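Each protein sequence line maps, in turn, to chains X and Y. In short: position in the first sequence from 1, add 10, done, that's the numbering used here. In short: position in the second sequence from 1, add 111, done, that's the numbering used here.
You may find that some hints are simply not true.
As a list, the in silico EDC-like pairs of lysine to aspartate or glutamate whose alpha-carbon atoms are at most 16 Å apart [what the hints assert, rightly or not]:
# : chain 1 : residue 1 : chain 2 : residue 2
1 : Y       : Lys117    : Y       : Glu137
2 : Y       : Lys156    : X       : Asp148
3 : X       : Lys110    : X       : Asp153
4 : X       : Lys12     : X       : Glu151
5 : Y       : Lys156    : Y       : Glu132
6 : Y       : Lys266    : X       : Asp153
7 : Y       : Lys164    : Y       : Glu199
8 : X       : Lys110    : X       : Glu151
9 : X       : Lys43     : Y       : Asp153
No lab work stands behind these hints: they were computed from the structure. These numbers come from a predicted model, not from an experiment.
Listed below are the residues making up each chain.
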Amino acid sequence: MKSIIRGLAYVVGDAIDTDQIIPAEHLVYSLNKPDERRMYGRFAMSGVPIEQQGLPNGHIPFTDPDKYLSDYTFVIGGSNFGCGSSREHAPFALTEAGAKVVVAESYARIFYRNTIDGGFVIPFESHEKINHQIRTGDELELDTRFGQLTNHASGEEYLLKPLGDVADILNAGNVFEYARQNGLINPA
Amino acid sequence: MTITEKIIARHCDRDRVVPGESVWVEVDILMTHDVCGPPTIDIFKREFGEDAKVWDAEKLVILPDHYIFTQNHHANRNVRLLRAFAEEHHLPHYYDVGSPRYKGVCHMALAEEGFNRPGSLLIGTDSHTCTSGAFGMFSTGVGNTDAALIMGTGKIWLRVPETMRFIFEGVLPPYLMAKDLILAVIGDIGCDGATYRAMEFDGESVYSLSMQERMTLTNMAIEAGGKNGIIAPDEITTEYVRARTDHDFVCLYGDETARYRSEYRYDVSTLEPVVAKPHRPDNRASVVEVEGTRLDRAYIGSCTGGKFEDFEAAAQIIKGQEVVIDTYIVPATTEISESLQANTIDGTTLWDVFENAGCKMGQASCGACLGGPSDTFGRMQGDEVVISTTNRNFPGRMGSKQASVYLASPLTVAASALSGVITDPREVLV
């Protein structure tokens, strides 16, 4: 895990389910083949209704229609981020688009687990909803060691919740590396 | 300990586990399908090697069900990848598309094929894997990475969940179904009301339900964020299981002294038919409150509302009449589809009841429950308003994100299909 992450914020509302993160019709693409996996970056967050895309004003696609990479490093959500299906394609899509971090007030269990075990975006929790205090396009800086999030656009600072036990898996890279380091499976 | 804690303890070879602790458990069955199977296999090969063997071919069940009847070549390729993997690993429990073994929706197929067994621990690459908990077992959904780790080792880490208990008492009136009960619960506690927790269903009304109806309760635990839904086994459970498998199983029960995080009590005789309004499963309203809402479409299908008894309930209302809006009938499995053709109501097969009423008849699969490729049977393509027996109504869930989805019981959906507006089943049930 990098200690300092900087980039732009992309803000969405509550209960962003996995169909909004990556609509089911796109799940047919391989997550392995380079010419197909980039489609997940193209369609990441494309299921969010247009007026909710990039708050507070909306109508801002996460990834521009002709691109595969997003300009946004941070996804800022509200409560129950990632609810719905178990598709690991959801955190994969955010990562494939170039996002590094999600900050939400709370997460659905399977999405949270997938981000950690697959080594995708880092899922930080805020103590309260901050998605109405940050605007899409704000420049953010996160110190992952202390969970210190700074909004350079507003000057506001937020102390995020500690990652807890799961930091060990994030630091290992993914659950396989963690399992190897702890003797749970044989070294590769 | 609760039943959930006992099953987890048994699978990590411990006398006792406590909510909040993380443990590595042995998995009895791993289930995957055509959407998450191919990426799981990719990760399995990446981590364990191209020639690696699955940990136990007897314990891996592969049920293609999501994108089956489509021309989408990527979707068709995914089924071919599963077929090749099953051949390479000599998997006895692969249910191939286009073969007589093809089943359809994985959660129903697991029950029909005898993979749901009391006391066992089942993990699947699908959020509705919690359905199997109706059989007094622990079951939950995971992503591809966790599934790949299980494929290689048979193990997964689990955080032991606290348990929320939902007790239903009283006699269920004929106009209510399990779907109304679970929509009431989700409306009360919200889409994240059970996050990280077990949802245990108990009480005389629950034990009066068939296995199919019990599965509707546990199926939608995930819509409240639950890790697993569970119902302790009884004679109805063991009779169903013994008819489907010779495999051993152990019925486990919670202790009198078990600790629950919270307890909710419902008198089912006072409940009403309900819907979840767009665009959240917890956006509950009584049918009375939304009665008369104009509809474009009705849909009966999926792991939640595409079981034999769901169609039996709908057929009671639809028999001898004609639907006035596009009404899609999608049996969850081939076994259910065959039952519709084998069972009659007033001398007419259930299949014919629907067909004669003008319904559009689909093939066993997940169908339009989750949208899917653009040529999926019954998929929303525009700003349709639909009433559906499925499980989720977030924007875009059934295809188009301009569509509006009302979730309801098969009785309410059937009554509404006849009138073209949301209709209380009490108005048409005789």
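Against the structure, the hints come out as follows:
1. Lys117(Y) <-> Glu137(Y): This hinted pair holds, its Cα atoms lying about 14 Å apart.
2. Lys156(Y) <-> Asp148(X): Roughly 41 Å separates the two Cα atoms, so the pair is violated.
3. Lys110(X) <-> Asp153(X): holds, 13 Å
4. Lys12(X) <-> Glu151(X): Holds: Lys12(X) and Glu151(X) sit about 12 Å apart, inside 16 Å.
5. Lys156(Y) <-> Glu132(Y): violated, 30 Å
6. Lys266(Y) <-> Asp153(X): The given pair, whose Cα atoms are some 34 Å apart, is violated under the 16 Å limit.
7. Lys164(Y) <-> Glu199(Y): holds, 9 Å
8. Lys110(X) <-> Glu151(X): holds, 12 Å
9. Lys43(X) <-> Asp153(Y): The given pair, whose Cα atoms are some 10 Å apart, holds under the 16 Å limit.
The structure shown violates the earlier hints numbered 2, 5 and 6.
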